[in-house]
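If you're matching them up, the sequences are chains U and H in order. Residue numbering for the first sequence follows this note's numbering, beginning at 718 and increasing consecutively. Residue numbering for the second sequence follows this note's numbering, beginning at 718 and increasing consecutively.
What the hints contain is simulated information worked out from the structure, not anything from laboratory work. Just so you know, these numbers come straight off a predicted model, no measurement behind them. We put the beta carbon where it would ideally sit given N, CA and C, even for glycine. Worth double-checking, as some hints may not be accurate.
A few chain H residues facing chain U, derived, Cβ under 7 angstroms [unchecked claim]:
| id | residue |
| --- | --- |
| 1 | Ile1257 |
| 2 | Trp1309 |
| 3 | Ser1434 |
Keeping only pairs whose Cα atoms sit at most 25 angstroms apart, straight-line, the calculated BS3-like set for lysine-lysine is [claimed, not checked]:
| id | chain 1 | residue 1 | chain 2 | residue 2 |
| --- | --- | --- | --- | --- |
| 4 | H | Lys1297 | U | Lys1474 |
| 5 | U | Lys864 | U | Lys853 |
| 6 | U | Lys1098 | U | Lys1297 |
| 7 | U | Lys861 | U | Lys851 |
| 8 | U | Lys1297 | H | Lys1058 |
| 9 | U | Lys1377 | U | Lys1338 |
| 10 | H | Lys1338 | H | Lys1362 |
| 11 | U | Lys1362 | H | Lys1362 |
| 12 | H | Lys1091 | H | Lys1297 |
| 13 | U | Lys966 | U | Lys1058 |
| 14 | U | Lys1091 | U | Lys1297 |
| 15 | U | Lys1362 | U | Lys1338 |
| 16 | H | Lys816 | U | Lys1474 |
| 17 | U | Lys816 | H | Lys1474 |
| 18 | H | Lys1474 | U | Lys809 |
| 19 | U | Lys816 | H | Lys966 |
| 20 | H | Lys1058 | H | Lys1297 |
| 21 | H | Lys1297 | H | Lys1338 |
| 22 | U | Lys1058 | H | Lys1058 |
| 23 | H | Lys1470 | H | Lys966 |
There are 2 protein chains.
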Amino acid sequence: MDTRGDLSPLLSNDEDDEVMISSIGNHSEASCRFLSTPNRRTSDGLFENGDSGIEALVSDTDESVRPKKTADYEALDYDTIENELYYAEETKMSHRQWKCIQIQRWLICVLIGITTGLVAVIINISIIQLTELKMKIVTQAIEKCVKSACLYQPLLIWITINAGLVMIAALLTVFVAPVAAGSGIPQIKCFLNGVKVPNVVRLKTFFTKVVGIIASVSGGLAVGKEGPMIHAGAVLAAGISQGRSITFKLTFPLFEYFRNDREKRDFVCAGAAAGVAAAFGAPVGGVLFSLEEASSFWNQALTWRIFLCSILSSYSLNFFMSLYHHHGGDLAYPGLINFGKFEGTYEGFELPIFFFMGVIGGLLGALFNAINHKITIFRNKYVTIRFLKVVEVIIVSVVSATIAFMMMFLSAQCNPLGQDINVDLQFLCEDGQYNTMASLFFTPPEDSVKSLFHDPLGSFQPLTIIIFVLPYFFVACWTYGLQVPSGLFIPALLIGAAWGRLIGICMNAICPDCLWSQDVAKYALIGAAAQLGGTVRMTISLTVILIEATGNISYSLPLMTVLMIAKWVGDFFNQGIYDKHVHLAKVPILEWEPPPLSINIHAREVMGTPAVTVREVCLVKDICRVLSDPHNCHSGYPVTNEEGKFRGFVLRSQLLILLKHKVFMERSGPDDRLELAVFRDSYPRYFPLSIVNVSEDEQRCHIDIRPYLNPAPYTISERASLPRIFRLFRALGLRHLVVVNDNFEVVGIVTRKDIWKWGHHGKS
Amino acid sequence: MDTRGDLSPLLSNDEDDEVMISSIGNHSEASCRFLSTPNRRTSDGLFENGDSGIEALVSDTDESVRPKKTADYEALDYDTIENELYYAEETKMSHRQWKCIQIQRWLICVLIGITTGLVAVIINISIIQLTELKMKIVTQAIEKCVKSACLYQPLLIWITINAGLVMIAALLTVFVAPVAAGSGIPQIKCFLNGVKVPNVVRLKTFFTKVVGIIASVSGGLAVGKEGPMIHAGAVLAAGISQGRSITFKLTFPLFEYFRNDREKRDFVCAGAAAGVAAAFGAPVGGVLFSLEEASSFWNQALTWRIFLCSILSSYSLNFFMSLYHHHGGDLAYPGLINFGKFEGTYEGFELPIFFFMGVIGGLLGALFNAINHKITIFRNKYVTIRFLKVVEVIIVSVVSATIAFMMMFLSAQCNPLGQDINVDLQFLCEDGQYNTMASLFFTPPEDSVKSLFHDPLGSFQPLTIIIFVLPYFFVACWTYGLQVPSGLFIPALLIGAAWGRLIGICMNAICPDCLWSQDVAKYALIGAAAQLGGTVRMTISLTVILIEATGNISYSLPLMTVLMIAKWVGDFFNQGIYDKHVHLAKVPILEWEPPPLSINIHAREVMGTPAVTVREVCLVKDICRVLSDPHNCHSGYPVTNEEGKFRGFVLRSQLLILLKHKVFMERSGPDDRLELAVFRDSYPRYFPLSIVNVSEDEQRCHIDIRPYLNPAPYTISERASLPRIFRLFRALGLRHLVVVNDNFEVVGIVTRKDIWKWGHHGKS
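Please model the complete structure; the sequences and the hints are all you need to start from.
Okay, here's the thing in structure tokens:
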């Protein structure tokens, strides 16, 4: 199996300069000053080089795009970090303060909801405006040339505009925030699962994502804006809830209580939901999405906050879009429904046809994923330097534009201008007519989906549809995974709506006078659902999203069934596309269930051993040695007392902060303790050991770790089975688990990767 | 605070004959034969007296209806019971067998879905037929009497029919399955939370629930059939998945693998979802309901099965109901939509009106809950013997009927017969007219809700509505908690639709010519949602249920917001009605979050101590002593080795089975082990210690517990904080947690009730 994964969407290459610290011959001699590598990353460590200033525009090297290994991903700490300081703070807290924190949680969700809706409005309107502008320029050029046989001119103009726009997206993505590539859904999924994907919730990623998706959609790539909107919502949530931006080095004295992985995760969940709500106008779908796809930590209070967040996001989107559409305040205006309002219903005997379409959707979805898989592997092998990545994007853009242009002239279908089409897409058609194919290419992709759904039976001839869908399928396969922000929902829906409409036309041909076969919209919808379900393999949230986005509930039963069938058929061949990309990038994501038939694997086989431990009261020299040991770069260490008994667990980050603030017993009074605020302050970017300077004298001092360690971490017996360990990890979002023997002595430590390795073995 | 709770819906009184075993002076002398009390129940124990044959028709005593104490509830074991036998079985399992078990899981869900739909069809049709029959008899009598001034005759006939029907329901409930009283939702909630409510998923409960709800709805009580349908679905799920019925003493050699609490819970989840899907025609709502209200153990694979189950339930309901309505096969026939199809939309400026209605809903919901609370406390104090319970039901029935009859004649509103009303409800009206009030009382309650939603503006005069809603509100308050199966959704919707329609009429009066004020249906719908939200305090699942039950998506935003507002306003005053009843019954249910400000409570304060332990290899006499100790009736015991080191955990039920099968070291070969099948076979009704006969000789034998104990149960340090313990319990569905000290010695044991006690202290 190829060891290179699909990194583009999941990796930020500028963080890849992992330089292992030089080997230290004699560990007991190692002192902190020996370590001067600026961007050291640990195998399960804590560092990001966000502070190192090498974020942008470093030269292209093979090194910079080297694929990530599983070991490069860090885990997040979804377990509460308890210690004496925390107990003291919580005990001091009055009921009023506690209420205040609750209210802040709601307030943050309100902010996330409203801003996410606003961002979606900005993206929407920008795309509409840019697309209209582009169309105006190109159609004018065509009009001028259609009689004077200079058709290469409009083609060139079109290609130039598209390539220009797409290049902006590519440059931003490649050089500012590579993690902004792709839809963002796999990244958010990883984040919520407990894996830290570097930079995934940073402001520069947000900026890249928003500008990039506007550029790439307007630039005519076969991408949608929905996935990136979800990612944007998640970043906003993380940013707002933390009250700080690392990119701008700004920290507000707000929401400090929430500066830990656990709280951040909850808000990111809400942000993702708000993103879905804004992208599809589907607030319930948003809540479900964030539960189905992302969260394994269900909690009713949290769900209500997510729900509020989704609702507000919908309201804010609908309100501003209704203003834009000159229906100010009419929040139920049907023009706000993403895929147009569906009327009509279906007959019971059409169900088998729908089910058959589900099978087709599953097959085509699996084919899409398989082709994309091959392309991704090829891309990871050969398109490795940054310049090439940008070039690839431009090539795809040029090819897309050329194909589209050729299709417009190949497909000679002209329809009379109706009231729906008031724009000038005449091309080679007679006066008073428009080119059908052009209506698919010169409008924002949502409008194309709407056309395929709702335009009357004769609007698209079968040949037009076939000419459209075949190349589009392959271009879309090629496009997903490029170094630009790119959503997958709209391409899948377009493909599905196209072949769905084809089937609808067939049905009408079979029974031209039947009432039920007059309505092609339902076939287009079912096709779109089947294709989407076969590609991404979600069910419940997709059902609700489609119901909300079409404003029609009566198709819920067939939609559900079709999505389920498409998933089953697709799963027979390969994974869903998001899972595939996560898998290719070797992210140590934990599945929902323990690996099957793993009951005979026990803790002692799973754990990393021997575990490096530290003493409750410890020589500074020893701590430095442990922290600098290149072979044991865990993110935390079990703490033992003099007799070697297990006393608790301390995080690497905590030790670093203790060292930096020189909390040495010899230098301070017995009651001198660091405040919890100091620890919160350095979250989430902990400094490397190298910036800690400890003198020779200080090396002989002692640190009393007791106030800072977690006195009662979760432990497991060495006899425990893997499923038992798995359940503990999964249910509580743990990062590490101490394995103890019958004498309560530490015998090893299990990390997320240890578990992942075993689950992973079973798979190809 | 009153110590008697609302037991009616949550308790099965025939299980209350808890006779504590006679005090045994010298514990070391105690032998198994000393214990002959047949229905002994442990404080956290395992026994039900289902086998004792005293289920029905025992004489009324105060004892039999004595309220349950928290100590009487047992916990369920949602943690996998691991031991050497289990490891051996799982290790032997081939990938093919594993697949086979997966397929069985799906198959069971298919069966659950289809049968739940069928049961819903039976309930629906029975209610429709009985109601029609009743109406025919009564209207004929009225017709005869209206001119000859013998109106007392039809009233008497009506009262007799109603009281007769309701008495059937009451007798069944009181004497066969008291747990079938009420809606069943609180009971299912408790079950899924991990508390064993006796008899809640038994066949006799199912039978009582189905017959009882048909009788009580047709008998004209202010109840709905939706809650009981959900309960029925859950019982079906438990029955099918276990392949056995205890009531009929039938065991099929099917699905044996699933005979444990963990698997049963998953299927009950699916059954509840199928119930919602069938009750409201809301499959997505069903999935959400079972997640929001019930399950804290989210798992994607499980969710898909629940989803399938819901879909099939909907299909089977729609299919058979479409046949019944002579629209065979037309699954999209709008007559299948529970509350009728909603057309129309709303204007942005109506939102504040809706929000205001949300506030009213919250207030009225809180009032409803408060009154019901008082009535319940009164009822628990004074209506304690069985005979009285039946009498109360009959009184309520007579009062309901009398009030309804009076209202029909008081409200003189007559409407001309339209195409909707083709039945004869003339009463005192002119020929060709019908009595509006009668149309609310002589139709199944769903149809009354539909009338209030959809009948044109003038159908109900404001006075008619006021005369209807005021008494109905109080009768509904009185009715919920009676000893009959009774759903709460329909009464709440009826009340809400009534006052919602009133507001709609007001709006129309304010602006008679406005387009937006012509549609009273939307106000009735929002009112219904607000009232329901204010009473039961669910949000997400209710939103989706209402959307699916009205077939209209465009109200989703206002519905959501109104439900949220109603919940907030209601929560300001008291708990939701289900939570209230759970709370009153002192069920040790665990909330979603640890109790606030509990960080300074530690394991050593929470745990029960000293923990009774048993040895790995143990004298039979000692085991008997431990099992019969009345002061330490836990459901499991930590196991220690010779040196007192903690070695694992063994369940009380396992020890009992070992005793019963006389697995004594002296009597059997070294490899003689009980099969796992033996343990599964006795699930879930373990026998009491009294039926185990151990001779004096055998008392001196040894039992080797090692193959049967769980070698690696979850443990926690005595220093752990309550939130930390809570999270472990909640996330993993634990029943007991061993507390160890730094030497890994057992110092105590934490059970669900220990945790519940602390959370409970904070509340009134």
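Hints and how they fare:
For Ile1257/H, the suggested interface contact is upheld, since its CB lies about 6 angstroms from the closest CB of chain U, less than 7 angstroms. Below 7 angstroms, beta-carbon pairs count as interface contacts, and Trp1309/H has one with chain U at about 5 angstroms; its hint therefore holds. Using the Cβ-Cβ criterion of 7 angstroms, the hint placing Ser1434/H at the interface with chain U is satisfied: the shortest such distance is roughly 4 angstroms. In summary, the hint linking Lys1297/H to Lys1474/U is not supported, as the alpha carbons are separated by about 47 angstroms, beyond the 25 angstroms threshold.
The hinted pair formed by Lys864/U and Lys853/U meets the criterion: a straight-line CA distance of about 18 angstroms does not exceed 25 angstroms. With a C-alpha separation of about 17 angstroms, the suggested pairing of Lys1098/U with Lys1297/U holds against the 25 angstroms cut-off. Straight-line distance between C-alpha atoms of Lys861/U and Lys851/U comes to about 16 angstroms, which keeps the hinted pair within the 25 angstroms bound. Using a Cα cut-off of 25 angstroms, the hinted pair Lys1297/U and Lys1058/H is violated, with the two alpha carbons roughly 42 angstroms apart.
Between Lys1377/U and Lys1338/U the alpha-carbon distance is near 14 angstroms, which keeps this suggested pair within the 25 angstroms criterion. Between the alpha carbons of Lys1338/H and Lys1362/H the distance comes to roughly 21 angstroms, so the proposed pair stays at or under 25 angstroms and holds. Annotation: proposed proximity of Lys1362/U to Lys1362/H holds, straight-line Cα distance about 15 angstroms (limit 25 angstroms). Proximity of Lys1091/H to Lys1297/H is assessed by CA-CA distance (about 11 angstroms); at most 25 angstroms being required, the pair is judged to hold.
For the hint pairing Lys966/U with Lys1058/U, the CA-to-CA distance comes to about 46 angstroms; that exceeds 25 angstroms, so the pair is violated. A C-alpha spacing of about 11 angstroms is found between Lys1091/U and Lys1297/U, which places the hinted pair at or below 25 angstroms, so the restraint holds. For the hint pairing Lys1362/U with Lys1338/U, the CA-to-CA distance comes to about 21 angstroms; that is within 25 angstroms, so the pair holds. Under the criterion of a C-alpha separation no larger than 25 angstroms, the hint pairing Lys816/H with Lys1474/U is consistent with the structure, at around 22 angstroms.
Annotation: proposed proximity of Lys816/U to Lys1474/H holds, straight-line Cα distance about 22 angstroms (limit 25 angstroms). Using a Cα cut-off of 25 angstroms, the hinted pair Lys1474/H and Lys809/U holds, with the two alpha carbons roughly 22 angstroms apart. Our distance criterion of 25 angstroms between C-alpha atoms is broken by Lys816/U and Lys966/H, whose separation comes to about 53 angstroms. A C-alpha spacing of about 34 angstroms is found between Lys1058/H and Lys1297/H, which places the hinted pair above 25 angstroms, so the restraint is violated.
Among the hinted pairs, Lys1297/H with Lys1338/H is inconsistent with the structure: their alpha-carbon atoms are about 45 angstroms apart, more than 25 angstroms. A distance of roughly 16 angstroms separates the Cα atoms of Lys1058/U and Lys1058/H; the hinted pair therefore holds under the 25 angstroms criterion. With a CA separation close to 32 angstroms, the supplied pair Lys1470/H and Lys966/H exceeds the 25 angstroms bound.
Against the hints set out earlier in the document, violations occur for numbers 4, 8, 13, 19, 20, 21, 23.
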